[in-house]
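Novice: Residue numbers (the working numbering), protein chains in the order written: chain P, 1 to 270; chain L, 1 to 270.
Where hints are given, some of them may not hold.
The list cannot tell twin chains apart, which means a pair is met if one copy fits it or any two copies do.
To be verified - Restricting the straight-line Cα-Cα distance to at most 20 Å, the calculated cross-link-like pairs of lysine to aspartate or glutamate (EDC-like) are:
{"#": "1", "residue 1": "K112", "residue 2": "D189"}
{"#": "2", "residue 1": "K210", "residue 2": "D62"}
{"#": "3", "residue 1": "K210", "residue 2": "D189"}
{"#": "4", "residue 1": "K210", "residue 2": "D226"}
{"#": "5", "residue 1": "K95", "residue 2": "E206"}
{"#": "6", "residue 1": "K95", "residue 2": "D66"}
{"#": "7", "residue 1": "K13", "residue 2": "D228"}
{"#": "8", "residue 1": "K112", "residue 2": "D18"}
{"#": "9", "residue 1": "K112", "residue 2": "D94"}
Keep in mind the hints are simulated off the structure, nothing from the lab. Values in this document were obtained by computation on a predicted structure and should not be read as measured data.
There are 2 protein chains.
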Amino acid sequence: MRIAVVAPSCSLKREAADAVRALVTDRGDCELAIHPQSFLSDGHFAGADQARLAALLEVMADPAVDAVWFARGGYGSNRIAAAALAELPAAARDKVYMGYSDAGFLLAGFHKAGLDVAWGPMPQDIVRSGGEQAVNRALDWLVRREASSVESDVRPPAMAFNLTVLSNLLGTPLEPDFAGVDLLIEDIDEHLYRIDRTMFHVTSSENVRKAGRLRLGRIGNIPENDPDFGRDEESIVEEWCNRSGIAYGGRADIGHDAQNKVVPFPLENR
Amino acid sequence: MRIAVVAPSCSLKREAADAVRALVTDRGDCELAIHPQSFLSDGHFAGADQARLAALLEVMADPAVDAVWFARGGYGSNRIAAAALAELPAAARDKVYMGYSDAGFLLAGFHKAGLDVAWGPMPQDIVRSGGEQAVNRALDWLVRREASSVESDVRPPAMAFNLTVLSNLLGTPLEPDFAGVDLLIEDIDEHLYRIDRTMFHVTSSENVRKAGRLRLGRIGNIPENDPDFGRDEESIVEEWCNRSGIAYGGRADIGHDAQNKVVPFPLENR
């Protein structure tokens with residue numbers, strides 16, 4: 001199992017790369033190839049759009065690569081997602097892709113193009129407290145489809161998205177078909193009024209309304225609302241589900257944290 | 001000219017109400033009726049949804065009211081906009097509606113329903129430095145359609161939106177038709193990476209792509225991007241216009257500030 005790491009959004013930290021390399025050496029069940037592009041820096045991004053796109057297409061086209069693991073989130077994969085799909089290499093269909101947060105733009109578009117994608121922890125997560133567990137959870141799934149890595153209440157077909165990323169991909173060419181999908185959402189660093197506003201937007205979508213159910217992962221690090229918002233994230237999500245006729249499926253075990261689980265997207269031949 | 005003030009989003013401050021009342025008395029050319037709902041408080045909002053909706057419908061239905069002036073933005077008008085339109089009183093068509101920021105949800109939906117709406121300063125703006133000028137600019141337009149209150153480069157038909165509000169109303173029943181529209185945007189308190197992400201979303205819309213041109217108002221109080229984003233708000237907006245084939249029309253004189261100008265939305269009989 002050869003796993004290629006590229007950074008379509010923000011730069012991978014050297015200390016995270018070193019720690020993941022050491023962990024992979026200890027495991028001894030896979031080979032890790034961290035693309036040098038992962039360490040580039042161009043303003044907000046891990047290199048200019050062209051550099052990020054070229055590295056992504058290179059690993060997608062490499063028949064020796066079994067899995068493409070997105071180095072980290074941040075912001076920026078939406079800027080190159082459509083271009084990557086426009087030049088889709090044949091070998092891209094023989095691998096699996098994993099990431100979360102901003103990488104959701106790629107998960108959505110790649111899934112729509114028929115590629116095999118999964119929501120799950122990324123290399124940069126190793127610097128979190130408990131991060132080694134998160135990275136091992138991702139690798140256990142990538143290497144041997146370890147069932148305990150997968151979110152335990154998932155009812156396939158399932159998808160998972162950062163709520164803000166989901167909101168920003170609706171109406172774009174990256175928007176997948178949510179019909180019958182167990183749709184898991186999570187977010188971080190968003191005020192409750194923003195969660196409410198984004199839920200209004202997302203649950204107004206006729207496509208999202210076709211989801212089988214909607215489940216709420218963790219909303220991390222919520223900034224203080226002034227004045228107090230008056231309700232919590234679960235009542236917000238439940239209310240918009242009720243308003244829009246989407247079944248609310250309760251809490252989900254995903255989030256921007258070391259406990260984040262894997263959610264494999266549907267694939268016809270899985 | 002009787003102007004009713006209601007607060008579909010957040011509460012109007014007493015000191016703002018007092019200052020606007022004093023200014024209107026000095027002007028002597030209009031009558032101001034600040035609805036008591038404007039001062040309610042329920043968590044984040046100026047009263048619960050039902051209280052905000054009832055006050056809004058009450059002034060819309062009142063034949064003695066010539067103009068409905070939204071007290072302030074914040075967040076929350078999207079929660080009652082569709083309900084207000086579902087029960088649209090007959091007298092609602094004989095008045096003009098003004099506001100900006102979060103009130104954009106109402107401007108969009110009301111315009112779509114054939115009502116006469118305009119982007120412009122709100123009562124709460126009076127507490128800004130230079131705020132009396134902003135409030136007088138709004139009143140000059142409401143009372144006598146003063147031409148100098150209007151954004152000077154507007155090419156009718158025009159619309160103006162807070163960029164984040166615009167992003168969150170796409171795909172909802174509030175989304176208006178942008179065909180041929182001079183579309184002005186502005187924002188506040190948003191990181192540059194968020195502006196970039198929102199521009200990706202907004203300019204992916206086939207409807208927005210039909211706009212005559214897109215013009216950039218002021219992006220106020222931009223939080224520091226870590227690392228530095230590497231480009232400014234105008235190059236971000238210009239790039240997404242270029243990518244999506246929308247004509248970029250340069251800067252616009254709107255924003256969350258005392259200089260904010262009026263942008264009347266198109267009305268067939270104007």
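Novice: Each hint should be assessed against the structure and marked as holding or not.
Specialist: Results for each hint:
With identical chains, the CA atoms of K112 and D189 are never at most 20 Å apart, being 28 Å at best within one copy and 34 Å at best between copies. For the homomeric pair K210 and D62, neither the shortest alpha-carbon distance inside one copy (36 Å) nor that between copies (40 Å) is at most 20 Å. In this assembly of identical chains, the alpha carbons of K210 and D189 never lie at most 20 Å apart, being 28 Å within a copy and 34 Å across copies at closest. Proximity of K210 to D226 under the C-alpha cut-off of 20 Å is found in neither arrangement, the shortest distances being 35 Å within a copy and 38 Å between copies.
Taking CA atoms no more than 20 Å apart as the test, K95 paired with E206 passes in neither setting, with 31 Å inside one copy and 33 Å between copies. In this assembly of identical chains, K95 and D66 lie within 20 Å of each other by CA distance solely inside one copy; the values are 5 Å within and 64 Å between copies. Proximity of K13 and D228 under a CA criterion of 20 Å is satisfied inter-copy only: 17 Å between copies versus 36 Å inside one chain copy. Taking the closest pair of Cα atoms, K112 and D18 never come within 20 Å of each other, the shortest separation being 33 Å inside a single copy and 56 Å across copies.
Taking CA atoms no more than 20 Å apart as the test, K112 paired with D94 passes inside one copy only; the shortest distance there is 15 Å, against 48 Å between copies.
Hints 1, 2, 3, 4, 5 and 8, counting from the list given before, are not met by this structure.
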